[in-house]
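Number of protein chains: 4
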Amino acid sequence: MNRRMARAGKKTDDSALSTRERILLSSERLFAEKGFAGTAIRDIAADVGLNPASLYNHFPGKQELYEAVLDRALAPVAEIVREIAEAGEGETDLMIIDRIVDHFARRPEWATLLQHETLAGGESITRLAGRWLAPIYEQALGAIRRSPGVASWQDEDLPLLICGMHNMVLGYFSMAPFLERMLGQDPRSPEALDRQKLFLRQAAARMLGREV
Amino acid sequence: MNRRMARAGKKTDDSALSTRERILLSSERLFAEKGFAGTAIRDIAADVGLNPASLYNHFPGKQELYEAVLDRALAPVAEIVREIAEAGEGETDLMIIDRIVDHFARRPEWATLLQHETLAGGESITRLAGRWLAPIYEQALGAIRRSPGVASWQDEDLPLLICGMHNMVLGYFSMAPFLERMLGQDPRSPEALDRQKLFLRQAAARMLGREV
Amino acid sequence: MNRRMARAGKKTDDSALSTRERILLSSERLFAEKGFAGTAIRDIAADVGLNPASLYNHFPGKQELYEAVLDRALAPVAEIVREIAEAGEGETDLMIIDRIVDHFARRPEWATLLQHETLAGGESITRLAGRWLAPIYEQALGAIRRSPGVASWQDEDLPLLICGMHNMVLGYFSMAPFLERMLGQDPRSPEALDRQKLFLRQAAARMLGREV
Amino acid sequence: MNRRMARAGKKTDDSALSTRERILLSSERLFAEKGFAGTAIRDIAADVGLNPASLYNHFPGKQELYEAVLDRALAPVAEIVREIAEAGEGETDLMIIDRIVDHFARRPEWATLLQHETLAGGESITRLAGRWLAPIYEQALGAIRRSPGVASWQDEDLPLLICGMHNMVLGYFSMAPFLERMLGQDPRSPEALDRQKLFLRQAAARMLGREV
DNA sequence: GATGAATGAGGATTCATTCAT
DNA sequence: AATGAATGAATCCTCATTCAT
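Protein sequences appear in the order of chains F, D, S and R.
So the first sequence is numbered by numbering that gives the first Met the number 0: it starts at 0 and just counts up by one.
So the second sequence is numbered by numbering that gives the first Met the number 0: it starts at 0 and just counts up by one.
So the third sequence is numbered by numbering that gives the first Met the number 0: it starts at 0 and just counts up by one.
So the fourth sequence is numbered by numbering that gives the first Met the number 0: it starts at 0 and just counts up by one.
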């Protein structure tokens, strides 16, 4: 019985979670922090409080574990975008921002993971684009085209607009350690996140020439 | 005799460059692509066409090589910001965007490198913040405060604004592989970069409530 | 012992056999094919359709399982030789060959297992020699000495003769995959085995200067 | 400077040999003794007196090392058979036996290696057959067909005859540890080998109905 | 400067085995 | 009897680095 309850430090809270879940949580955090190559299976195992060999009872390998982590982080995003797109109409394009910020605010690691994957480019981007980014992008393009104020942009600017918003949303989380240093406040605190949501809505509104 | 001129592929052009320079170019590309942990000294050496041991005649170790690469990528940015800030006055805050885009356009790897460092957080961010990010941030804060239109934002939003612009500028480069897939056009081509510069200037202007 | 046919693949026939039996059959095949070191408990378990842990309900460990398999394969051989030696007299020395070929023909894996053990030398051979090979060898030496025609050989050649016959008999089975390739016919088919028995009897007769 | 001169024990004599050569010698011995799966890279390295990692400076991996060892052992055999076949005529079919025994007598490990490969069957035999066994077999078939006395056999027996001789020759070496136990004499000693050569020539002659 | 060879540390994964259920 | 989960000890191999040449 080598479970430890009530860990003190920063380590992910496990308590009564299934081993698989605990592995995913630790992996999530470590992959987000150090990327795929920088994270050792043994580090994950240590974080979970498990022998490295035991990990292989739950996931067939590092790559598969990584992909399971990514899936968990990104599947909901696609879902959000799809929902909003279906709901259609109105000011939904700004709502989407809130929802996505909320999603990543729940686990800022998810934002970092996605950025890591994006940076890896090449093969990674192919997988990523095929499964998540492309659908999200298409939905976003559709939504933004239905958005009032979009006429002030040329059609060729829309991808850049989407890309820019995407980077503003995601980048906030990856810059969190820096922002924390600069502002002396945790950018992942509820208040900070509220401010950021407000800011993003403002920014989006202004870029689309609308009032908030 | 392991060098041939007129390479076809994507490999960095070396020809008559100094070995040190060739190492830096290869490192730059590989670190940008795969991050620090994901890049092996032997891969860099192979890319340069050198024995791994020979690298150590030029740099004392992997870490130092990495830092040399980072220095090369970031020192000019600090320089740009400083210059513009000194020039002071007027519409300079939009000029800065162009200058920075131009800087990273020259070597998109530099943008990716910086993003990798940012993502690494923790220790990395400490080094990064101490040496480059913090000064840049301060300059940018100063510049933006002198900027007309800034009054439409609250003071606490300014860091978010800077952070947002930063991410829009940098993120464009790291999303290049994805954008290329989506648009069917190389986002690093001069035309694409011109459009992006125009877009960024528009976006900044709108966010500051100004005409371009 | 009730055997039910309806076998499809090459997998050992299980159906209504006891689990212990099914484990022995799978082990036999896998140990014969890949040797002791090359066979993983989990492979055997998978072949049986069992959890690796379950194997330990039937055998205390890999080594013991291996030895049980060897016992099953070799005990009958010793038996055959003993019987024939007891029966004594006459042309029995050629009968022995038929009997042994028949024994190994029933399960060619047994021949391969024995060869693997022989190759392993050292400790293996000590075990093997102590338990089976030495008795068989002694019996064979006795039988051959009573054999007409043996006078054409010097006494010191007899061990070589036994060894040679042994290798001809056993080697046929281990070369089966090669022979199959070369002859385009399964060397383990009844017809092929009949021919081989005939050939071996011929060969033995000729070496002993007798008519068949 | 971590070389040790003049090892005492059974370990392969290295002295002034190249590291590559010493690796091959140790591998040869260990692979022959324990087979591919039973031999650990670290054991080979220890036997050579080298760090396991250093092995990889000389061979790209275990498999390749194994194949290099096999090549060294078998290439000469094919050569011998080819030479003799070209020389053609006369009693060459018995000479071939001497030559082959001599080849394997120089390094009995080679015989064991070949037997291991043969036993492995499947993929191994495919490689083996394609590269060495099949050519040897074809040459031997040709030689034996030109051999006086062959008429006493049916054509379909010839493969069995070749196979039988092959196994008598090779099997002698793999049974060496057993023979040593039984005879109290080293079967690899020059005298023992001479006797075995004589025996094999006798056996072959008798099987072909000829005088020696 | 460049290189081949060497190496300790680590990295992913496999293996035989145990144990609670 | 069977199994899922756990584990220490290997196993193959990679890595950054050193050093003699």
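Rather than coming from a laboratory, the hints here were simulated on the basis of the structure.
There's no promise every hint is true.
Remember, identical chains collapse to one label, so a pair may be satisfied in a single copy or spanning two.
Stated by the list, open to error - Below 16 Å or equal to it, Euclidean Cα-Cα: the simulated EDC-like pairs (lysine to aspartate or glutamate) are:
1) K196 x E32
2) K33 x E190
3) K33 x E155
4) K61 x D42
5) K33 x D46
6) K196 x E155
7) K196 x D101
8) K196 x D156
9) K33 x E122
10) K61 x E137
11) K196 x E85
12) K61 x E78
Bear in mind the structure is a predicted one, so any value in this text is a computation, not a measurement.
Tested hints:
1. With identical chains, the CA atoms of K196 and E32 are never at most 16 Å apart, being 24 Å at best within one copy and 31 Å at best between copies.
2. Taking the closest pair of Cα atoms, K33 and E190 never come within 16 Å of each other, the shortest separation being 27 Å inside a single copy and 35 Å across copies.
3. In this assembly of identical chains, the alpha carbons of K33 and E155 never lie at most 16 Å apart, being 36 Å within a copy and 30 Å across copies at closest.
4. Taking the closest pair of Cα atoms, K61 and D42 come within 16 Å of each other only inside a single copy of the chain (12 Å); across copies the shortest separation is 22 Å, beyond that limit.
5. With identical chains, the CA atoms of K33 and D46 are at most 16 Å apart within one copy only, with a shortest distance of 14 Å there and 25 Å across copies.
6. Taking the closest pair of Cα atoms, K196 and E155 come within 16 Å of each other only across two copies (13 Å); inside a single copy the shortest separation is 26 Å, beyond that limit.
7. Within a single copy, K196 and D101 get their C-alpha atoms as close as 9 Å, which meets the 16 Å cut-off; across copies the closest is 30 Å, which misses it.
8. Taking CA atoms no more than 16 Å apart as the test, K196 paired with D156 passes between copies only; the shortest distance there is 11 Å, against 23 Å inside one copy.
9. Taking the closest pair of Cα atoms, K33 and E122 come within 16 Å of each other only across two copies (11 Å); inside a single copy the shortest separation is 19 Å, beyond that limit.
10. Proximity of K61 and E137 under a CA criterion of 16 Å is satisfied in neither setting, with 31 Å inside one chain copy and 41 Å between copies.
11. In this homomeric assembly, K196 and E85 never come within 16 Å of each other (Cα to Cα): the closest approach is 22 Å inside a single copy and 33 Å across copies.
12. Taking identical chains as interchangeable, the C-alpha atoms of K61 and E78 are never at most 16 Å apart, the minima being 26 Å within one chain and 42 Å between chains.
Checked against the numbered hints listed earlier, the structure breaks hints 1, 2, 3, 10, 11, 12; every other hint is satisfied.
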